[in-house]
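J.: Residue numbers (my numbering), protein chains in the order written: chain G, 344 to 923; chain X, 344 to 923.
In short, the hints are calculated from the structure, not lab data.
It cannot be assumed that every hint is accurate.
To be verified - Chain G side only, calculated, beta carbon under 10 Å to chain X, not exhaustive: (1) D393; (2) L674; (3) D686; (4) L729; (5) G749; (6) T755; (7) N887; (8) R897.
Since the structure is predicted, the reported quantities are computational estimates derived from the model, not experimental observations.
Just so you know, even glycine gets a beta-carbon here, dropped at the ideal spot from N, CA and C.
Here's the letter readout for the chains.
There are 2 protein chains.
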Amino acid sequence: MTGSTHDGQAGQFAIGVDYGTLSGRAVVVRVSDGAELGSAVSAYRHAVMDRTLAATGAQLPPDWALQVPSDYVDVLRDAVPRALAAAGVDPHDVIAIGTDFTACTVLPVLRDGTPLCELPELSDRPHAYVKLWRHHAAQPHADRINALALERGETWLPRYGGKLSCEWELAKGLQLLEEDPEVYDRTAHFVEAADWIVWQLCGTYVRNACTAGYKGVLQDGEYPSAQFLAALNPDFAGFVDDLVRQPIGALGDRAGGLTAQAAAWTGLPEGIAVCVGNVDAHVTAPAAQAVEPGQLVAIMGTSTCHVMSSDTLGEVPGMCGVVDGGIVAGLWGYEAGQSGVGDIFGWFVESSVPASYAQAAAAEGVGLHEHLTALAARQQVGEHGLVALDWHSGNRSVLVDHELSGVVVGLTLQTRPEDVYRALIEATAYGTRTIVEAFESSGVPVTEFIVAGGLLRNRFLMQVYADVLRRPISALRSEQGPALGSAIHAAVAAGAYPDVHAGAAAMGRLERAVFVPDESRADAYDELFAEYTLLHDHFGRGGNEVMHRLRALRRRAGATTASPVPAPLETAAAAAGGGG
Amino acid sequence: MTGSTHDGQAGQFAIGVDYGTLSGRAVVVRVSDGAELGSAVSAYRHAVMDRTLAATGAQLPPDWALQVPSDYVDVLRDAVPRALAAAGVDPHDVIAIGTDFTACTVLPVLRDGTPLCELPELSDRPHAYVKLWRHHAAQPHADRINALALERGETWLPRYGGKLSCEWELAKGLQLLEEDPEVYDRTAHFVEAADWIVWQLCGTYVRNACTAGYKGVLQDGEYPSAQFLAALNPDFAGFVDDLVRQPIGALGDRAGGLTAQAAAWTGLPEGIAVCVGNVDAHVTAPAAQAVEPGQLVAIMGTSTCHVMSSDTLGEVPGMCGVVDGGIVAGLWGYEAGQSGVGDIFGWFVESSVPASYAQAAAAEGVGLHEHLTALAARQQVGEHGLVALDWHSGNRSVLVDHELSGVVVGLTLQTRPEDVYRALIEATAYGTRTIVEAFESSGVPVTEFIVAGGLLRNRFLMQVYADVLRRPISALRSEQGPALGSAIHAAVAAGAYPDVHAGAAAMGRLERAVFVPDESRADAYDELFAEYTLLHDHFGRGGNEVMHRLRALRRRAGATTASPVPAPLETAAAAAGGGG
Numbered sequence: 344m345t346g347s348t349h350d351g352q353a354g355q356f357a358i359g360v361d362y363g364t365l366s367g368r369a370v371v372v373r374v375s376d377g378a379e380l381g382s383a384v385s386a387y388r389h390a391v392m393d394r395t396l397a398a399t400g401a402q403l404p405p406d407w408a409l410q411v412p413s414d415y416v417d418v419l420r421d422a423v424p425r426a427l428a429a430a431g432v433d434p435h436d437v438i439a440i441g442t443d444f445t446a447c448t449v450l451p452v453l454r455d456g457t458p459l460c461e462l463p464e465l466s467d468r469p470h471a472y473v474k475l476w477r478h479h480a481a482q483p484h485a486d487r488i489n490a491l492a493l494e495r496g497e498t499w500l501p502r503y504g505g506k507l508s509c510e511w512e513l514a515k516g517l518q519l520l521e522e523d524p525e526v527y528d529r530t531a532h533f534v535e536a537a538d539w540i541v542w543q544l545c546g547t548y549v550r551n552a553c554t555a556g557y558k559g560v561l562q563d564g565e566y567p568s569a570q571f572l573a574a575l576n577p578d579f580a581g582f583v584d585d586l587v588r589q590p591i592g593a594l595g596d597r598a599g600g601l602t603a604q605a606a607a608w609t610g611l612p613e614g615i616a617v618c619v620g621n622v623d624a625h626v627t628a629p630a631a632q633a634v635e636p637g638q639l640v641a642i643m644g645t646s647t648c649h650v651m652s653s654d655t656l657g658e659v660p661g662m663c664g665v666v667d668g669g670i671v672a673g674l675w676g677y678e679a680g681q682s683g684v685g686d687i688f689g690w691f692v693e694s695s696v697p698a699s700y701a702q703a704a705a706a707e708g709v710g711l712h713e714h715l716t717a718l719a720a721r722q723q724v725g726e727h728g729l730v731a732l733d734w735h736s737g738n739r740s741v742l743v744d745h746e747l748s749g750v751v752v753g754l755t756l757q758t759r760p761e762d763v764y765r766a767l768i769e770a771t772a773y774g775t776r777t778i779v780e781a782f783e784s785s786g787v788p789v790t791e792f793i794v795a796g797g798l799l800r801n802r803f804l805m806q807v808y809a810d811v812l813r814r815p816i817s818a819l820r821s822e823q824g825p826a827l828g829s830a831i832h833a834a835v836a837a838g839a840y841p842d843v844h845a846g847a848a849a850m851g852r853l854e855r856a857v858f859v860p861d862e863s864r865a866d867a868y869d870e871l872f873a874e875y876t877l878l879h880d881h882f883g884r885g886g887n888e889v890m891h892r893l894r895a896l897r898r899r900a901g902a903t904t905a906s907p908v909p910a911p912l913e914t915a916a917a918a919a920g921g922g923g
Numbered sequence: 344m345t346g347s348t349h350d351g352q353a354g355q356f357a358i359g360v361d362y363g364t365l366s367g368r369a370v371v372v373r374v375s376d377g378a379e380l381g382s383a384v385s386a387y388r389h390a391v392m393d394r395t396l397a398a399t400g401a402q403l404p405p406d407w408a409l410q411v412p413s414d415y416v417d418v419l420r421d422a423v424p425r426a427l428a429a430a431g432v433d434p435h436d437v438i439a440i441g442t443d444f445t446a447c448t449v450l451p452v453l454r455d456g457t458p459l460c461e462l463p464e465l466s467d468r469p470h471a472y473v474k475l476w477r478h479h480a481a482q483p484h485a486d487r488i489n490a491l492a493l494e495r496g497e498t499w500l501p502r503y504g505g506k507l508s509c510e511w512e513l514a515k516g517l518q519l520l521e522e523d524p525e526v527y528d529r530t531a532h533f534v535e536a537a538d539w540i541v542w543q544l545c546g547t548y549v550r551n552a553c554t555a556g557y558k559g560v561l562q563d564g565e566y567p568s569a570q571f572l573a574a575l576n577p578d579f580a581g582f583v584d585d586l587v588r589q590p591i592g593a594l595g596d597r598a599g600g601l602t603a604q605a606a607a608w609t610g611l612p613e614g615i616a617v618c619v620g621n622v623d624a625h626v627t628a629p630a631a632q633a634v635e636p637g638q639l640v641a642i643m644g645t646s647t648c649h650v651m652s653s654d655t656l657g658e659v660p661g662m663c664g665v666v667d668g669g670i671v672a673g674l675w676g677y678e679a680g681q682s683g684v685g686d687i688f689g690w691f692v693e694s695s696v697p698a699s700y701a702q703a704a705a706a707e708g709v710g711l712h713e714h715l716t717a718l719a720a721r722q723q724v725g726e727h728g729l730v731a732l733d734w735h736s737g738n739r740s741v742l743v744d745h746e747l748s749g750v751v752v753g754l755t756l757q758t759r760p761e762d763v764y765r766a767l768i769e770a771t772a773y774g775t776r777t778i779v780e781a782f783e784s785s786g787v788p789v790t791e792f793i794v795a796g797g798l799l800r801n802r803f804l805m806q807v808y809a810d811v812l813r814r815p816i817s818a819l820r821s822e823q824g825p826a827l828g829s830a831i832h833a834a835v836a837a838g839a840y841p842d843v844h845a846g847a848a849a850m851g852r853l854e855r856a857v858f859v860p861d862e863s864r865a866d867a868y869d870e871l872f873a874e875y876t877l878l879h880d881h882f883g884r885g886g887n888e889v890m891h892r893l894r895a896l897r898r899r900a901g902a903t904t905a906s907p908v909p910a911p912l913e914t915a916a917a918a919a920g921g922g923g
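Okay, chain G solo, but in the shape it has when bound:
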């Protein structure tokens, strides 16, 4: 069916732009076969603001994470032309552009799409900025939303594993209202960055079906009711009708044509198809040809998203959500996730590895990740004597609780950095197994485990996952899965393929069983997974609420930072250690 179009497509290209946590990546893809001909990455100038607001230097409270929207436009100006140049492709042969974004990453804008943080009078207001997906300061608001939804028996609640995340639109919107009502009042739209960037490209604000369903709680055509919203806070009653509701575009639909301004930014022809927005995880499934029921795709980078289509509607505890056609049309799309994975390894390498290791890595001409991985790979399972909980960025999977935090048990004076590094890798693998088991025990079978994303490059880590999961691991054979997925959707939006299934078949690629489990290691990991589960349930299900109390104490301590610390403490620097 699509074969007939191949000849014409050989000279046609689609651009996929993947907006990640720290950078945006543009890839030029051939429409006929998905060949990736050139790419370019553009780091966000302001990265993630999680300690101070760049505009003022003011300190941000704990758990905040903001971004600057103009950084996203800079990716269009910078990475797209460079990707075209790298590909050696004539821009006139590009027929479409598609984008994907982290989510729920959301910003308040004026009627015309101008971000409020770009108004001079609001540039010093943290709430005027983009709240990045991993802004976790709205947990108290999410707690109220969940308690009320449970009390009222809201029918949408089970579709989200019984809990909405503090990362999503409702919690972030409620925090905005209650902490900075003036900014809330100035907000015309509270818009997903996934849709805002499409708006910048084609001049039209279309809400994509994926974030509307997963992050905006649109189920069976309805958002949470005004009554529900008013019960949270009377001033919140109009949140959906005034700030959120907007025409919905299906994944792979054309949102509009490229504007003259966006054509000037990118060097692409005015008027070409701009695809409806999408989420970095979900857009990856077709890139991995994972469009059949039970094919779970884990997109492993700073965090891990799990997306899977199924013909079964199940209520999976702690899943992020199930949305009809949320990944591909005609199937239930499931999303689950681990809020910290590569982020945790990155934090560890940045904050917890001594100079001697940095020197050794430099002497070998490798990075610290490679150095630690090589050291960790020499160990037997269990040799380090550690077990960790991978909650450094909270838990958005089975427990859906962003006030949880990381734990390491088993530290001794012999514990070395590679030991903790390996324990953290293993902890994320246990977290993944917890999610897979939650699906299966809820009657939603997982038939294949496919990995995409940057962590696929770490073969040791992948082998740990295969051993812990006791499953073969298939691999998306592209280092730019989301961008490839965006390009596939763009090609569909331009009419090059009749639907995403056809586009995935022609342009996606998957290699099966690249890593297979080892029985003896898997047996040892069964024991360690049992320890993980004990700690998981103890700290995560009410056995000891210490993590919540520590958060509360931290917030209180943060609130009193202004009070003077006694002078003797300020001048107290003296040697610790010593004989004995």
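For this one, chain G is given, so just place chain X on it according to the hints.
T.: Showing chain X alone in chain G's frame:
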């Protein structure tokens, strides 16, 4: 009574030699007033062997910690003459030498005192070396000793808080017998290093009352019976009679006169008084003038020992031991301890602080401990959101379980090295409070908290302790407390004072209430101490035996180290991390 001797003492000096974990320190002290006139430190050439045996490079199993006895003699040759030179004291004015040692630090020797590790045919045998106090590989043996003692209702058991430590003579001796019977059979004496060094000085093997009571389980004149030992292992029946029993010397007694050989090593006059051995912690109490009931002295260095005399005999859960006259004559001497304190901070700084911090510290011209302390001191109580368990070297206080291990709860992607450093400092303070509360709730009052040792120099740490304990902290005003204490005992052995009370009154020094608690910080710490206690009891009292299972798994994994690691893991070094 002692005043009459002062004139004659003005020109008299005593040498105190303090044998610590990593080095020995000699101090020249004026007998009349305790003035410290000169000192010198000599690091042990082999330090602590806890990964490999220096003689062969062979790997040691987990939890081992060995030393080389000739390193102790080198301290006599090196540090004593240098201390004399530094003091500008004529060696002929020195009337006595006293020593103190870590304990239970123990070695197998021939009849003449020759360490078995110095026999060429045994130099490759780990069991022929000194087992340092923090050798923790005899925990399984200690477990059997404790279970059997409980079962048989041994009357000495309550004198040790209900549990003997795996650090002590019985457990280490049983491990020696069962793991290397050939070395055991060659052993004529299993001797405390505290007594072995005195033997090297005066040619006479006298067992000091302190280690005999606290580490050798000598109570009311009796060791554990041959029947008890035989029930552990028939070949162990003669352990006490053949390898341990020896005449006992009281603290402050003269063991003998300095031999010609030792005079040659040290440059001191042959024949001067050599004092009976003592333990670094216990010997410090008189240096701090802590000879009255209820004055608890915490000697804080790599580990912390708590020693206190009392007129009350109580059974304190988990105390290390109570010995009649174990610290000063006429009172019950209590010992308690924390097996890792400065060690933990040292391990953290060595293994977990990134290059950027090392550079910042270097730029300020301070060490990493000072740098981290200064950063940590700026925080409010609870601001880091962490609570830790200080069991990196096991727990030898209330729980007496060296298979326990360290924990950090509350880690996030925002957690910085100074946060964990502060949490570890606080954890050791909570550990101290747990001990003080155990004494008081057992009817043994603590009237004053006195600190000695290297950590006293860290004023921030001391303030944390005052806040956590809600008590003023007094300080021993000597940086060389154990060596000063040894010199006091040496002066008594030489007859310069009639007893240790009199020597302490003349030569010791104490400053009261140097640090006082702050009410508001103490209130916040009460909350965190409650969290510590919850975790303490959960992981330490059977709520979750994960730490024991992790140790077992680690031992099993260590035992299979020889089995080949699959090739794909060896070549698996590839980048972790990557975009999201």
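J.: To test your reading of the hints: which numbers does this structure violate?
T.: Number 2 - this is the single hint that the structure violates.
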